[in-house]
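Asks: Given the sequences, and given the hints that come with them, work out the whole structure.
If you number the sequence shown the way UniProt numbering does, the last residue is 960 and the count never jumps.
Hints are not guaranteed to be accurate.
As the list claims (entries may be wrong) - Straight-line C-alpha distance at most 20 Å; calculated SDA-like pairs for lysine to any residue:
(1) K647 / Y749
(2) K579 / F217
(3) K373 / I444
(4) K751 / P823
(5) K327 / A312
(6) K647 / T744
(7) K111 / F149
(8) K443 / D430
(9) K443 / Y749
(10) K540 / I37
(11) K540 / T622
(12) K751 / I658
(13) K354 / F824
(14) K886 / G906
(15) K443 / D374
(16) K751 / D627
(17) K893 / E907
(18) K904 / P823
(19) K287 / L230
(20) K510 / D21
(21) K579 / P599
(22) K638 / T622
(23) K510 / Y17
(24) K893 / G906
Unchecked claim - Pair by pair, the computed Cβ-Cβ distance ranges are:
(25) E315 / L45: 54 to 64 Å
(26) V276 / E678: 28 to 38 Å
(27) E822 / L505: 41 to 51 Å
(28) I159 / L81: 17 to 27 Å
(29) K373 / Q717: 12 to 22 Å
(30) R253 / N571: 39 to 49 Å
(31) I93 / L265: 33 to 43 Å
(32) H179 / L268: 45 to 55 Å
(33) Q396 / N571: 46 to 56 Å
(34) H179 / N571: 14 to 24 Å
(35) E678 / Q717: 16 to 26 Å
(36) D557 / Q717: 23 to 33 Å
It should be emphasised that the hints constitute simulated quantities derived from the structure, not laboratory data. All residues carry an ideal CB built from backbone N, CA and C; glycine is no exception.
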Amino acid sequence: MAIVAFFFLFSGIYTDYLWFDSVRATSVFSGVLLTEIGLFVVGALLMAGIVGGNMLLAFRMRPMFGPAMFGGGSGADRYRLALDPHRKLIFIIGMAVLALFAGSSFAGQWKTWLAFINGTPFNKTDELFKWDISFFMFDYPFIRMVLNFLFTAVILAIIMAAITHYLYGGFRLQSPGVHASRAARVHLSLLLGVFVLLKAVAYWIDRYGLVFSDRGFVHGASYTDVSAVLPAKTILAIIALICAALFFAGVIRPGGMLPGVSFGLLVLSAILIGGVYPALVEQFQVKPNQQQREAAYIGRNIAATRDAYGVADSEVIDYTAQSDPSKVTADGDVSVSGVRLLDPNLVAKTYQQKQRIRGFYDFPTQLDVDRYKDNGAPLPRDHVVAVRELTGPPSQQNNWINKHLVYTHGYGFVAAPGNEVDSEGLPNFDAKDMPVTGALGQKIKEPRVYFGEQMATEYVIAGAPNAKPGQGQELDFPESGGTGQANTTYAGQGGVRVGSFFNRLVYAAKYGEINMLLSGDINDSSKILYERDPRDRVAKVAPFLQLDANPYPAIVDGRITWIVDGYTMSNDYPYSQSKSLLSMTEDTATVRGVAPQQPRDQINYIRNAVKATVDAYDGTVTLYAWDPSDPLLQTWQKAFPGVIQPKSKMSQDLKDHIRYPEDLFKVQRDILSQYHIENPNAFYSGQDFWNVPFDPSQGDKDVKQPPYYLTTTMPKQQPSFSLTTTFVPRQGPNLAAFMAVDATDGPGYGKLRILRMPSNTSIPGPGQAQNNFQNKFSGELNLLGLGNATVRYGNLLTLPFADGLVYIEPVYVQTAAAAGQEPFPILRRVLVAYGSTVGSGDTLKDALSKVFSGKAAEQPTTGQPQTGEQPAATGATAKLISDAQKAYDDANKALSTSPPDWVKYGEAQKRLQDALNALGRTSAVQPSATPTAPATTPPATPSPTPSGTVSPTPSATPSS
Numbered sequence: 001m002a003i004v005a006f007f008f009l010f011s012g013i014y015t016d017y018l019w020f021d022s023v024r025a026t027s028v029f030s031g032v033l034l035t036e037i038g039l040f041v042v043g044a045l046l047m048a049g050i051v052g053g054n055m056l057l058a059f060r061m062r063p064m065f066g067p068a069m070f071g072g073g074s075g076a077d078r079y080r081l082a083l084d085p086h087r088k089l090i091f092i093i094g095m096a097v098l099a100l101f102a103g104s105s106f107a108g109q110w111k112t113w114l115a116f117i118n119g120t121p122f123n124k125t126d127e128l129f130k131w132d133i134s135f136f137m138f139d140y141p142f143i144r145m146v147l148n149f150l151f152t153a154v155i156l157a158i159i160m161a162a163i164t165h166y167l168y169g170g171f172r173l174q175s176p177g178v179h180a181s182r183a184a185r186v187h188l189s190l191l192l193g194v195f196v197l198l199k200a201v202a203y204w205i206d207r208y209g210l211v212f213s214d215r216g217f218v219h220g221a222s223y224t225d226v227s228a229v230l231p232a233k234t235i236l237a238i239i240a241l242i243c244a245a246l247f248f249a250g251v252i253r254p255g256g257m258l259p260g261v262s263f264g265l266l267v268l269s270a271i272l273i274g275g276v277y278p279a280l281v282e283q284f285q286v287k288p289n290q291q292q293r294e295a296a297y298i299g300r301n302i303a304a305t306r307d308a309y310g311v312a313d314s315e316v317i318d319y320t321a322q323s324d325p326s327k328v329t330a331d332g333d334v335s336v337s338g339v340r341l342l343d344p345n346l347v348a349k350t351y352q353q354k355q356r357i358r359g360f361y362d363f364p365t366q367l368d369v370d371r372y373k374d375n376g377a378p379l380p381r382d383h384v385v386a387v388r389e390l391t392g393p394p395s396q397q398n399n400w401i402n403k404h405l406v407y408t409h410g411y412g413f414v415a416a417p418g419n420e421v422d423s424e425g426l427p428n429f430d431a432k433d434m435p436v437t438g439a440l441g442q443k444i445k446e447p448r449v450y451f452g453e454q455m456a457t458e459y460v461i462a463g464a465p466n467a468k469p470g471q472g473q474e475l476d477f478p479e480s481g482g483t484g485q486a487n488t489t490y491a492g493q494g495g496v497r498v499g500s501f502f503n504r505l506v507y508a509a510k511y512g513e514i515n516m517l518l519s520g521d522i523n524d525s526s527k528i529l530y531e532r533d534p535r536d537r538v539a540k541v542a543p544f545l546q547l548d549a550n551p552y553p554a555i556v557d558g559r560i561t562w563i564v565d566g567y568t569m570s571n572d573y574p575y576s577q578s579k580s581l582l583s584m585t586e587d588t589a590t591v592r593g594v595a596p597q598q599p600r601d602q603i604n605y606i607r608n609a610v611k612a613t614v615d616a617y618d619g620t621v622t623l624y625a626w627d628p629s630d631p632l633l634q635t636w637q638k639a640f641p642g643v644i645q646p647k648s649k650m651s652q653d654l655k656d657h658i659r660y661p662e663d664l665f666k667v668q669r670d671i672l673s674q675y676h677i678e679n680p681n682a683f684y685s686g687q688d689f690w691n692v693p694f695d696p697s698q699g700d701k702d703v704k705q706p707p708y709y710l711t712t713t714m715p716k717q718q719p720s721f722s723l724t725t726t727f728v729p730r731q732g733p734n735l736a737a738f739m740a741v742d743a744t745d746g747p748g749y750g751k752l753r754i755l756r757m758p759s760n761t762s763i764p765g766p767g768q769a770q771n772n773f774q775n776k777f778s779g780e781l782n783l784l785g786l787g788n789a790t791v792r793y794g795n796l797l798t799l800p801f802a803d804g805l806v807y808i809e810p811v812y813v814q815t816a817a818a819a820g821q822e823p824f825p826i827l828r829r830v831l832v833a834y835g836s837t838v839g840s841g842d843t844l845k846d847a848l849s850k851v852f853s854g855k856a857a858e859q860p861t862t863g864q865p866q867t868g869e870q871p872a873a874t875g876a877t878a879k880l881i882s883d884a885q886k887a888y889d890d891a892n893k894a895l896s897t898s899p900p901d902w903v904k905y906g907e908a909q910k911r912l913q914d915a916l917n918a919l920g921r922t923s924a925v926q927p928s929a930t931p932t933a934p935a936t937t938p939p940a941t942p943s944p945t946p947s948g949t950v951s952p953t954p955s956a957t958p959s960s
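Replies: Take a look at the structure:
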């Protein structure tokens with residue numbers, strides 16, 4: 001059994017080595033492994049030496065006459081007699097188990113050790129002790145780790161030595177008290193003295209930990225910490241030294257008086273000086289005057305937090321946003337006319353239906369946003385992009401050969417400009433199909449995808465050129481339209497060769513799969529590919545990084561490449577506010593499971609230090625030092641030299657697709673919701689704190705709106721690809737601020753700009769804008785949900801425009817599932833709001849023209865009849881009603897076909913809307929009035945809409 005267990009352990013380590021060798025990162029494997037082994041040995045030997053040594057010492061110091069020296073036997077005799085025959089075996093096994101746990105725990109701290117020995121100065125000092133920040137980031141955690149280990153070892157030594165003395169007669173618990181031999185008393189006094197000495201050191205080190213205190217109004221040393229706790233820790237350290245000396249003095253002076261006095265003094269001083277005194281200062285000095293007392297320390301927290309989260313250089317611009325479209329000029333901003341309308345969350349279903357090609361290919365439920373330049377275009381356009389990945393073989397062919405040797409890879413890159421759709425409201429793909437076609441698709445030299453986010457199979461074995469089709473050769477569909485099957489062979493550099501019997505044996509052990517040894521489809525050219533998720537590959541090569549939850553694909557130098565953002569994080573930056581990474585990055589996407597969640601780790605420092613790439617074909621992992629000034633990154637570069645390449649090695653094509661990472665932006669917007677305030681007194685009052693609004697377009701009442709990638713133009717800036725978000729006041733629905741960061745590589749990359757609205761602003765917040773859309777266009781949007789169709793709202797985008805802020809929201813229609821086809825959304829309307837003025841159009845241009853031409857729906861004007869007048873259905877009105885009914889019937893008929901005829905549906909919708917608009921002008925009725933339909937009018941099928949209403953028969957509700 002031991003040999004089998006050792007072989008499986010060896011298999012896991014050896015296959016790890018082979019994997020690191022395949023990605024040319026053996027220095028990481030060896031560096032981590034050797035560090036863990038070294039720490040394991042040190043931890044195991046120290047723990048076994050301290051605890052085991054004191055047990056042996058206690059055994060050798062046992063009384064010559066055993067328990068008889070205290071007047072006879074006791075209950076301990078039974079245990080001693082039972083243990084004595086096996087004491088050596090029990091001791092060896094016990095020490096081995098203890099050493100195993102201690103060594104494993106110590107080895108798990110390899111990051112703390114490497115950071116300590118490779119620590120890089122920050123060249124900044126903390127405000128309290130005037131020590132370099134690196135002491136708190138690298139040295140202090142290591143000192144605490146060593147102290148915790150020694151405390152554990154000494155406490156266990158005291159316990160085990162006392163048990164040994166008790167078993168072998170060193171002392172007895174009997175009336176009128178404890179009776180101990182001199183040897184036992186000396187031994188235990190020394191151990192207790194060492195414990196108290198460690199406590200003195202801990203009290204002294206705890207002083208430096210006050211920079212992380214959460215006692216005050218904010219994190220960091222507060223007034224009470226500096227005025228009461230800091231001197232108390234110093235005094236307690238001195239008292240602990242005195243108590244340790246008293247314990248050591250007990251070695252010379254017989255009796256228990258000195259140890260008793262020292263123990264009592266230590267406990268009493270800890271309670272009075274360490275607990276009661278700071279509590280009194282907090283209660284009677286700080287709480288009655290907290291704003292005044294804490295102002296200086298709040299100021300320290302603000303400065304440190306802004307620096308630690310990388311927002312110190314953020315620019316807050318007072319922005320008196322215009323809200324009246326009649327007073328502004330809406331010309332000249334090309335970023336608005338080209339704004340992204342495709343919602344990467346909604347159109348995933350459209351991509352699946354139109355570009356899946358085969359049932360075993362699929363796209364993620366949330367697509368990515370990147371930008372590509374059209375030939376001759378001055379600026380790149382936002383694109384919604386995805387990779388066609390493999391989900392696995394069909395269920396009826398789901399055997400081991402198909403799953404691991406035949407269905408091995410995805411195929412192709414799919415992309416569409418975000419600001420346009422075709423005549424049917426579908427994405428206008430410029431990279432599509434199999435083989436990949438389109439203006440953008442022609443740039444791809446290698447379309448096969450062996451590494452991606454949706455790979456359902458843990459490992460595949462590829463690259464067997466001599467195999468026959470269906471017997472180990474990989475399946476491919478490069479024929480036009482995917483109509484014909486072809487076979488291909490993996491020829492990439494990535495992967496581990498499994499042609500040799502030994503390699504097949506260790507991988508068979510790793511995966512528990514005997515077929516690896518028996519299959520004749522594996523030959524000398526075969527390679528096993530595993531760890532196929534880009535995040536997993538980067539995490540393994542760079543275990544010192546935390547990765548962004550959303551890698552994205554790009555066409556880089558003719559190859560499909562995954563780009564992954566890597567962060568250096570810490571919770572040891574003095575005075576910085578510590579917060580949960582999960583809570584800061586949580587939004588609609590993570591809550592609904594379409595994007596991975598970050599861990600619950602508490603952090604107070606973050607940098608986007610590394611940009612990593614993973615080749616989708618051969619899995620090559622490359623790390624680039626994106627922020628070489630980061631001391632944490634410099635520390636890890638010292639620990640693992642040569643693993644991270646300089647930024648200068650990045651190709652220009654790769655730099656063109658670098659974007660500001662989402663999770664970093666989410667963290668920074670969470671921080672800036674409070675820390676845009678730099679005045680300590682204003683910060684204390686908190687009246688100008690902001691919230692990230694809830695996502696109104698998805699109907700979530702308690703989930704934050706995600707940030708959006710789009711091209712926008714900030715005041716006095718050029719249009720740029722940006723990551724944007726909005727803020728609302730802590731209390732109130734109006735817009736408080738708009739924030740954007742330049743997400744394109746260049747001089748302005750990473751610059752955070754906040755447009756702060758006046759406190760009395762009338763600019764609606766996202767929730768209000770959504771309500772305005774639904775209230776003003778409920779009739780029109782209900783008509784979109786005719787029959788089996790439902791209305792779905794896209795992402796509600798906010799961006800500066802025409803000296804104000806404009807909201808733009810696409811509206812999609814999604815039909816119920818037809819035979820053999822899942823429902824998918826199609827873009828049918830664009831809604832625009834500027835101030836309280838809203839407009840709707842088939843295109844963004846139409847909607848903008850309505851808002852800025854004065855024909856938008858600021859207030860419904862429907863030509864209400866005078867008092868006593870009743871609308872009459874004239875001959876013209878009856879014809880318009882008949883036209884509306886005919887258009888309604890044609891729309892339903894277009895939807896009932898399989899697949900739906902969206903061209904005819906759109907034409908019928910346009911005729912219906914024209915008829916309803918004419919009815920609104922001719923009949924002069926209220927928006928809620930509905931003319932009596934002809935007797936032949938069939939009842940419409942009610943269709944639920946997002947606003948909770950149902951679609952009625954054609955009404956005379958005028959379009960706004």
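Asks: Could you run down the list of hints and mark each one as holding or not?
Replies: Here is what the structure says about each hint:
1. K647 / Y749: 14 Å, holds
2. K579 / F217: 14 Å, holds
3. K373 / I444: At roughly 15 Å apart (the allowed maximum being 20 Å), I444 and K373 satisfy the hint.
4. K751 / P823: Answer violated: K751 to P823 is near 41 Å, above 20 Å.
5. K327 / A312: Not OK: K327 and A312 at ~36 Å, beyond 20 Å, violated.
6. K647 / T744: Holds - the C-alpha atoms of T744 and K647 are around 15 Å apart, at most 20 Å.
7. K111 / F149: Holds, at roughly 16 Å.
8. K443 / D430: 11 Å, holds
9. K443 / Y749: 26 Å, violated
10. K540 / I37: Given pair K540, I37 holds - Cα atoms ~18 Å apart, limit 20 Å.
11. K540 / T622: 12 Å, holds
12. K751 / I658: Holds, at about 15 Å.
13. K354 / F824: 9 Å, holds
14. K886 / G906: Answer holds: K886 to G906 is near 14 Å, not above 20 Å.
15. K443 / D374: 12 Å, holds
16. K751 / D627: 14 Å, holds
17. K893 / E907: Between K893 and E907 the Cα gap is close to 12 Å, so the pair holds against 20 Å.
18. K904 / P823: The hint holds at about 18 Å.
19. K287 / L230: Between K287 and L230 the Cα gap is close to 19 Å, so the pair holds against 20 Å.
20. K510 / D21: 17 Å, holds
21. K579 / P599: 12 Å, holds
22. K638 / T622: 18 Å, holds
23. K510 / Y17: 13 Å, holds
24. K893 / G906: Within the cut-off at roughly 12 Å; holds.
25. E315 / L45: 54 to 64 Å: At roughly 56 Å between Cβ atoms, L45 and E315 fall inside 54 to 64 Å, so the hint holds.
26. V276 / E678: 28 to 38 Å: Check passed, 36 Å falls within 28 to 38 Å.
27. E822 / L505: 41 to 51 Å: 44 Å, holds
28. I159 / L81: 17 to 27 Å: 22 Å, holds
29. K373 / Q717: 12 to 22 Å: About 19 Å separates the Cβ atoms of K373 and Q717, which means 12 to 22 Å holds.
30. R253 / N571: 39 to 49 Å: 46 Å, holds
31. I93 / L265: 33 to 43 Å: 40 Å, holds
32. H179 / L268: 45 to 55 Å: Distance hint for H179, L268 is violated at roughly 27 Å.
33. Q396 / N571: 46 to 56 Å: About 51 Å separates the Cβ atoms of Q396 and N571, which means 46 to 56 Å holds.
34. H179 / N571: 14 to 24 Å: Given a distance of about 50 Å, which is not inside 14 to 24 Å, the answer is violated.
35. E678 / Q717: 16 to 26 Å: Roughly 23 Å apart at Cβ, these two residues keep to the hinted range, so it holds.
36. D557 / Q717: 23 to 33 Å: Holds: the Cβ-Cβ distance is about 30 Å, inside 23 to 33 Å.
The structure does not agree with the numbered hints 4, 5, 9, 32, 34 stated previously, though it agrees with the rest.
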